[in-house]
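Peer 1: As a plain string of letters, each chain reads:
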Amino acid sequence: MADQANRPKRRRRMHGIATWGPGLLLISPSIVLVGIFVYGLIGQNFQLALSDKHTAIQPETFIGLDNFKDLLTEDRFQHALTNLLIYTVAFLIGTMFFGMLWAILLERGIRGEGIFRSIYLFPMAISFVSAGVVWRWLLNGAQGEEAAGLNRLFQSLGPGGLQNSWWDTPNWGMVAIAMPAMWQLSGYMMALFLAGFRSIPDELREAARMDGASEFQLYRHVLFPQLSPVALSALIIAGHMSLKVFDIIYVIARNTYQVEVPATYMWQVQTFDQAKAATIASVLLIVVAVLIVPYLVYNHRTEKNR
Amino acid sequence: MTATAAAPPVTKRPVGTRPSRRWIGMTVRIALLVFFLLIVLIPVYVLLITSFKEKGAISASDAWALPSGWPWDWTTSGWSTAWDRLEAPLWRSVQLAVPGAVIASILGSMNGFVLSRWRFPFANLVFILILFGMFIPYQAVMLPLVDLLINDINIENGIPALLLTHIVFGIPICTLIFRNYYETVPSDLIEAARVDGAGMLQTYIRIILPLSAPAFVVTLIWQFTSIWNDFLFALFLSSEDNGPVTLALNNLAGGQLSNYQASMAAALIAAFPTLIVYIVLGRFFLRGLMAGSLKG
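Order-wise, the sequence lines are chains A and B. Numbered per the numbering used here, the first sequence finishes at 310, counting up by one with no gaps. Numbered per the numbering used here, the second sequence finishes at 1215, counting up by one with no gaps.
One should not assume that every hint holds.
[Said to hold, decoys possible] Beta-carbon label-pair distances, calculated as ranges:
| no. | chain 1 | residue 1 | chain 2 | residue 2 | range |
| --- | --- | --- | --- | --- | --- |
| 1 | A | Asp79 | B | Arg948 | 46 to 56 Å |
| 2 | B | Trp1010 | A | Ala22 | 40 to 50 Å |
| 3 | B | Gln1121 | A | Phe72 | 49 to 59 Å |
| 4 | B | Leu1120 | A | Met214 | 48 to 58 Å |
| 5 | B | Trp1010 | A | Glu219 | 46 to 56 Å |
| 6 | A | Gly116 | B | Leu1044 | 42 to 52 Å |
| 7 | B | Thr994 | A | Val297 | 52 to 62 Å |
| 8 | B | Gly1118 | A | Thr86 | 56 to 66 Å |
[What the hints assert, rightly or not] Which residues of chain B face chain A? A partial, calculated answer using Cβ under 8 Å:
| no. | residue |
| --- | --- |
| 9 | Trp983 |
| 10 | Leu1151 |
| 11 | Met1209 |
Bear in mind the hints are in silico, worked out from the structure with no lab data behind them. None of these values were measured; they are calculated from a predicted model. The beta-carbon is built from N, C-alpha and C at its ideal position, and this holds for glycine as well.
Just chain A, same shape as in the assembly:
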């Protein structure tokens, strides 16, 4: 950019603490707060996870990685991790599919586009708690005479065979409970993809059409490859949100074992076993960090090269 000429000046500036010092001072309250509340507390949480503070009165004594070994070999935790994996896969497939489909339907412009976009996106503005209230009713597992919610709708519209017990089904229950989250966040994926489509230069489409590409070929060979950076961001953002899932499952199913994930497990355990709860939270943090840290570094690199 036009910064080229200013660059030497800026570098010179960096030498004097008198120049950059005030800036650092202005930002220091935030650095201190984030330092304490993010890094300090994460450190304390790890400390707790490495201790044997299994009851409220017990003092913290360092016991190394024992809690992690116990947790990772525990059936209940493995069940929670498996559930989280199923949920995440279902959620990612669902949100990416609908997000992409809606974006494709909208990207070339259509009358009333604003209305469609707003309505597809609006569930995002609502809390998971409000959404949970209505989805708990929709995903009511009662069938036949007692059926309510979606089961009742299936009955009256015809496909009664589609009735099922939703989130109370082993394994598949996680897919059912991912539905409200898909409802809330598909619009967000649509917005990301739509922005991606619109940042592709018109010339590329024109050139492909000149070469006689069909609509399908246009998407397959020209537009989709251009979208891959956007798709990667979308995948990582949706993936990390999914791994942190708590609200929607807790509001709909409370502490039901069938749909337990690490976050709900941790909520139950923390009332009596702090060390174990801290261990669950640490595992969750590590899983999310493995996804997010490379993303942050990658983003930073590409920004620098721009």
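Following the hints, position chain B against chain A.
Peer 2: Just chain B, lined up with the frame of chain A:
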């Protein structure tokens, strides 16, 4: 990181295929779009009709029907029950979300300015370290956080504790949005101020702040919505009699005798402020969404 608060508005594009096929394609697309629109609106329909039904009037068989005897037999008893339970928590949520959004935005603006226009050594590293804070699962700080706030700082459980927490965890996204926005401010402006002998604070107040309104709108809306909708922190740091509206709603809806009329009315009441913000200021909401690529 990809988009900025000043991202250009999306524009429509001409379609370039033959007219007859275009017609068919357009019709199919509109039909599909309307179909999905209806699917997305199903939960809203359920919320509305159920909230106006008579308590106990919901037999399973007409669960999807409009309240009987429309419109004169509609009842607002669900709404009044909900309002009684939610009135105080709603007010507490306002007291939490408004100052929380304002303070985090101010801090974010200062940080964004320094990290884009008044850099210090290792400023980029500091930026990434701050940014990481918006992606962490909050469970990973929760237990020590409760301990720190209640035992060490001795802050009052409920809204005060939540306010401090939301300000701190709002800093990363606000910093990100402001930093990206200030990157678009022409450096000539800042150089000119510098030539005139303006210091850091003067440059910020005289040059940067007057230009900041668009970014402030984005962060204020974004923070207001996230704080209003938060449930996890509320669960750990408050209880029904001193907590925000999400907690009260969850308790109302999760009671043993599930009163669906009142729960659904309450869900609508609790969602109302953020919905209004979304409807009135939707495009700014979208920018916050894109800027953060985001938080959850």
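Peer 1: Confirm or reject each hint.
Peer 2: So, going through the hints one by one against the coordinates:
1. A:Asp79 x B:Arg948: 46 to 56 Å: About 49 Å separates the Cβ atoms of aspartate 79 (chain A) and arginine 948 (chain B), which means 46 to 56 Å holds.
2. B:Trp1010 x A:Ala22: 40 to 50 Å: 48 Å, holds
3. B:Gln1121 x A:Phe72: 49 to 59 Å: Hint holds: Cβ distance 52 Å, inside 49 to 59 Å.
4. B:Leu1120 x A:Met214: 48 to 58 Å: 56 Å, holds
5. B:Trp1010 x A:Glu219: 46 to 56 Å: Cβ of tryptophan 1010 (chain B) to Cβ of glutamate 219 (chain A): about 54 Å, so the range 46 to 56 Å holds.
6. A:Gly116 x B:Leu1044: 42 to 52 Å: 47 Å, holds
7. B:Thr994 x A:Val297: 52 to 62 Å: 54 Å, holds
8. B:Gly1118 x A:Thr86: 56 to 66 Å: 58 Å, holds
9. Trp983: The hint holds - tryptophan 983 (chain B) has a Cβ within 8 Å of chain A, the shortest such distance being about 6 Å.
10. Leu1151: 6 Å, holds
11. Met1209: Since the shortest Cβ distance to chain A is 6 Å, the answer is holds.
The structure shown violates none of the earlier numbered hints.
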